Amino acid sequence: MKNNKLLLVAIREYIRTIRKPTFWLATIIFPVFMFGVTYISGYSAQYTEDKVKEEIQQVKRILIVDETGLINPNFIQAPYELINSIDEGVSEVKNNQAEVLFVYPNDIALSKSIQIFTQDEGIISYGKYTPVAQELLKQIILSEVNDPTKIALFNSPIQANTTYFKNGVENDVRLEKYIVPIVALILYFVMVFMGTNFLLMSVSEEKENRMMEIVLTTVTSKQLIWGKIVGLVGIVISQLIVLVTLGGIGLWFTLDRLPIQIDFSLIPISVLGIGLNLFYIFAGFLMIATAMVGVGAAMPTYRDAQQFSSFFIIAAIAPIYFVTIILADPNGLVARITSYFPLTSPLIFLGRNALGALPTWEALISIPLLIIYVAIGFWIAFKLFEFGSIEYKDKLSLKQLFNKR
Amino acid sequence: MIEPIIKVTNLTKTFGSKTAVNDLSFEVNPGEIFAFLGANGSGKTTSIRVLLNILQATSGTTHINGKVYDDAMASMLGYLPEERGLYLNARVLETLMYFAQLKGMESQGSKIAAISYLEKVGLADKANVEIKQLSSGQQQKIQLGVAIINSPELLILDEPTKGLDPVNRELLMEMLLELNKNGSTVVFITHQMEEVERIASRLVMIKNGKRVLYGGLNEVKASFGNNMIQLTIEGNLPMSDSLYQIHGIGNKVEISPKPNITSDQILKYLVDNNVRILKFEKTVPSLNKIFIKVTEENEEQ
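Taken in sequence, the protein lines are chains A and B.
The numbering of the first sequence is our numbering, which starts it at 1 and goes up by one.
The numbering of the second sequence is our numbering, which starts it at 1 and goes up by one.
The shape of chain B in the complex, shown without the other chains (with noise of 0.2 Å):
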């Protein structure tokens, strides 16, 4: 059995007689890309901070490879944080140099990997330049190489696309998926919902600090049932309150059964109806869909 890079149990953070993060439990495993989600104030930057060590936990434990994190473990972490910045009177290479060092690299080996990553961004000829000439943009895939330049093998990342142009977001995303082809475990926070579904593999969300989905990407999605059926229709569609309910108007709609009720029910009884279709497609849940759902339920509740 594959030992967990990350394993949260129980985890309770409280400040004062506020509850941030409520009896949480989540795994990584090693190798995989998994996005952590949440509403903003959920509590998910409180939970990476616990799990860095940089809060502590009111109960529960936090483990990145069986251990309560330090600085030690350093040189296998790569951390955006939310709150993030650079020393902005500083050269970008000795930027990316001091903390390629802090986290374990030699110095000539720091030079390399500074500038063999400001070459793969396109900053090579800002190497010698202070951060603070250096557009908003460009600041960012520094803060991003302070977090990679030690090819991690865990990733952490908060909101790591907050910000981005679609260009660089795009750079962004192949430079994890190149990182975690070549070993790298990557956790992110993100609220783009077509970013986790395009490179995660599994997810937690957490609402109020509690969980409340987690599991595979598929496996959460199939959990909110493959019930939402894409019709393309010539005609009116019947309305039928016992059978589904309609999303959307004219030919092209989207339905939802009603509980206990199969697509295959609802296709007799459009057949039965003389409906004239075009297409008829089951599909499961976009991600932000639950999202949006899963969301406003709990605020229901």
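For reference, chain A alone in the conformation it holds in the complex (with noise of 0.2 Å):
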């Protein structure tokens, strides 16, 4: 019977959250935004670049002013065109008989710099003629080079492939090595921040809807809890089914346009790792839901709870601000303390085992370690729901905490 009611109110959690038109905004529409935003940057990037190329295309007159002497003229053929005076190319850009005068001072190799005059078309053309200006002088230094592959091979795309080496063996730095360290961080912030917000919504809903009291009395407040809990596992599990399933169909699409290339069949997958990294999102997961249930329960409103849930969110993603420091070096001091200071714990503890920066000792010391964070954030979470849970009006202090129930 216990366990019949957990399940009682899991299913109730679940359909009930499913069926708020709210929930699916937050799965759906949200990360649909995100890759429309993404897309529409990126196209009208794409649009612009093609728009100013086009434009440069039907430019009739280029004036150049060669003042370094560089520039062979017979290299020079329409639309360029070399004239000797600035005064008179800036007039003729004034008037619009020339689009644009590139002016190379003879002091370039100091100032590394040309000087350009145009007409101004509009904010997506300013520099449009930078990099004509750019390749230009390129094109004319390299006119003097006469080996042809040589040339060539200044004009290639160079690649570089780097092998590193760590503890005397060569390290596998491929991106498919960060697949599932990235994959399992996207894991973790799904279901810590989105997924722990509709905990703290359910709980309050309960307080302000008046219906805690009836409740206790069918159930005890652990099955209430947990089964709010396992509820929520399974829409976090729906969430991510979906996005999956989103993210896989985008992929599908989009596979062979992406900048870089991904061969799945090198993602190293181990065992162990991923086991790890499932406990660490896992913990987070419960240590967050933890802090949600107590502070609903703490307060009178969902609105209250809202607010002062923040410094909870925010303790769990400080890691985010010091990011580069726990890059720079994942085993130095700001990684350790923060590895050991309780909200930040899993997600530090994550993001060293994805970094491969780990050592096994702390590995070890980390399972018994969340486990007793979280069984602490439990057991304040039942203390704070035991004391506020019938508290229909006021937040519970910390007096009222001290006294018996």
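Read the hints as simulated data drawn from the structure, not as lab findings.
Mixed in with the good hints there might be a few duds.
Unchecked claim - FRET-style restraints, in silico, Cβ to Cβ:
| no. | chain 1 | residue 1 | chain 2 | residue 2 | range |
| --- | --- | --- | --- | --- | --- |
| 1 | A | Trp24 | B | Ile112 | 42 to 48 Å |
| 2 | B | Asn40 | A | Ile237 | 44 to 50 Å |
| 3 | A | Ile320 | B | Arg169 | 55 to 61 Å |
| 4 | B | Gly163 | A | Ser238 | 38 to 44 Å |
Values in this document were obtained by computation on a predicted structure and should not be read as measured data.
All residues carry an ideal CB built from backbone N, CA and C; glycine is no exception.
Join these two chains into a complex; the hints should help.
See below:
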């Protein structure tokens, strides 16, 4: 019967949440919106680039004043045109007789700058002639080189293949190696920050709807809280299925257009590593979940609870603010301290594990440590729930907490 | 001897320095309708919360069927708290079924019970409607439904008629009587003394957490003496500070005898004073009067 009650609460939590339009807004609309914004921004950047190229191709006259003497007049052909006077060139540009004037000053070797005069044609055209002037200078200098192989080499994008060593052994740093850790971090953020908010909402609504007293005569507070958490896990799994499906569909259509090619067969799969990552994710989820239960029970309304809960959310995502320090030295003082601070602990351990910088002894310590943190979190949450769940009008005070229920 | 279904023994509950319930004892017998009375803030709701193990007693014991209440006993309990609400975004039928199942009913049984209740209270057509779309009165019927969906052995209602219109109040009274007739013990907190007089057989009244009245309805009334006399006379009633006090003016008055004065002595006095008596009737004080008197007495003390 006890387990059935837990399951009943879990099923109810699951159904009531997935029926809310806000759930689907958060689950589908947000990622679709993000994808849309990214796509539109990429598309508009490409569109701007194409438009600028097109405009440049339509240019009829580009005037050049060469004070350097580097430019061979025989090399110049339309729309380029060599002239001698800057004033003359500026005047022609002003009068729309030429689109642009490039001035290569005689001290270019020192100043390393080119002067450009052109009409103001709007914000997207700003700087459009800069690469043209730079490329022209590059090609003029290259024209002095007679070896076509060297010219071809100069004009080719050069790739660098680096071999890294760690502890005397070659270290694999290919992108594929980081796919699993990146997925783990995304999973962490989805579970902890999207998922736990539903728990806060659920506890607060139970209080605001004045249902606590009736519920607590039919189930224990532990059954109620665990039921909500189990329901929440189901909600998060549903969210992940939707996200993975959407992501998969998106990837299917864009795979060949990605700037980076991924060979999925090269993704290293370590059962132990994935297991440890899942443990950190679940520990982080439970830790924030207990905080949400406690806050939801202690505050009279959802709005009050939401404001107070932001402290825990900010503390839990604090590692993002010093991520560069942790990346630079994953075993340094900052990484070590934040590894053992309760709210940041799961994310830092997860990150360090992802970077391959978590020593075995610390990984071994992290497991019982996080179990203890989660147990303490539950103890505090149950305590707050017992005291605060039927405190409908006021915020729970510390004094009340230390009195007998 | 019948074991009480509720037994509260020397219950004290404090919140910090404030004593909400002070050495309270009472028993409720199976099958009776029991009224739990007291002014606002007297400790009634706190006592019920301790009884249902939502709060812990500072001292004393509370038992239901000989045991401290826990959720395993949910199948025998129906509870309508003072601070009550509903899941506003949930549908009517699923809410009733959810609580029926939490109280141990099977899915199919819970559905049958829920539909049957909705038909009884005229809300069958609202089964799949979200609760927030119901009127206040309809929502109160659903709240009551949540409490009684399992046909509980013990039904505890904290101000069940609060906010109900006379028609729904009457419906509720009828339902409580029917539940009681079918074997449910009913404990209800109320400020409506006429409801107590109508359906309760025994009562307890507390003031500032302390028990001030306890026993059968008639017994409690009798303890205040059958000493009120309703009089209908012709002419004026003579004053007599040593025999009685007059309540009201005109031909129809109520008089209360002074201590140690009998109705016979008063009747004789009136006859001797040539008062033409049309009606002379000893009356029992109403519970309402007793409630007010006890409350005021305690305040004076």
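Hint-by-hint comparison with the structure:
1. A:Trp24 to B:Ile112: 42 to 48 Å: violated (33 Å)
2. B:Asn40 to A:Ile237: 44 to 50 Å: With Cβ atoms ~48 Å apart, the hint holds.
3. A:Ile320 to B:Arg169: 55 to 61 Å: Holds - the Cβ-Cβ distance for Ile320 (chain A) and Arg169 (chain B), about 59 Å, lies within 55 to 61 Å.
4. B:Gly163 to A:Ser238: 38 to 44 Å: holds (39 Å)
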